[in-house]
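> Modelling step: build the complete structure from the supplied sequences, incorporating the hints.
At position 70 of the sequence shown (counting the first as 1) the number is 134 in the numbering used here, and the numbers step up by one without a gap.
If you're looking for bench data, these hints aren't it; they were derived computationally from the structure. Every value quoted in this text rests on a predicted model; they were computed, and no experiment measured them. Glycine included, every Cβ here is placed at the ideal spot set by N, Cα and C. All the pointers check out, no bait thrown in.
No more than 25 Å apart at the CA atoms, straight line, and that leaves these computed lysine to any residue pairs for SDA-like: (1) K130 to T96; (2) K130 to Q142; (3) K139 to R92; (4) K130 to R140; (5) K139 to E115; (6) K139 to I111; (7) K130 to S104; (8) K139 to R127.
The following label-pair restraints were derived from C-beta to C-beta distances: (9) S143 to G119: 27 to 37 Å; (10) R140 to G87: 15 to 25 Å; (11) E137 to E116: 14 to 24 Å; (12) K67 to E137: 41 to 51 Å; (13) M93 to S151: 29 to 39 Å; (14) W120 to E91: 20 to 30 Å; (15) E146 to K67: 52 to 62 Å; (16) Q142 to L105: 15 to 25 Å; (17) S150 to R124: 20 to 30 Å.
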Amino acid sequence: MIKRYLMLLFVLLGLSSCESAVGPSFERMSETELAMYNASLPTDEQIICQEEIRGWIGGRYQRLPKLCLTVREIKRRQSLVEAVSSSGFGGGADPGSVVC
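Spelled out as structure tokens, the structure:
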């Protein structure tokens with residue numbers, strides 16, 4: 065019986081160690097809070113947010129949520145879009161619509 069409790073204890077400890085660290089929610093930060101957060105970071109690690117967009121996009125009504133990415137991630141996505149559009153694998157789609 066004690067072995068079962070010990071086994072359960074080890075399993076629970078193992079699962080609790082898998083919990084990820086909770087970071088700041090950039091989507092909920094104000095511009096001032098975001099500027100203060102970015103002030104101490106190198107340029108590639110700074111966060112840039114695109115506000116929520118609602119309206120007619122591409123001939124239909126769409127809602128794009130607020131999106132916050134690091135400058136490094138934005139550069140990586142832009143290079144992927146350029147690579148796809150220059151290789152001809154874009155399939156005629158809008159290169160800006162590529163989601164990685």
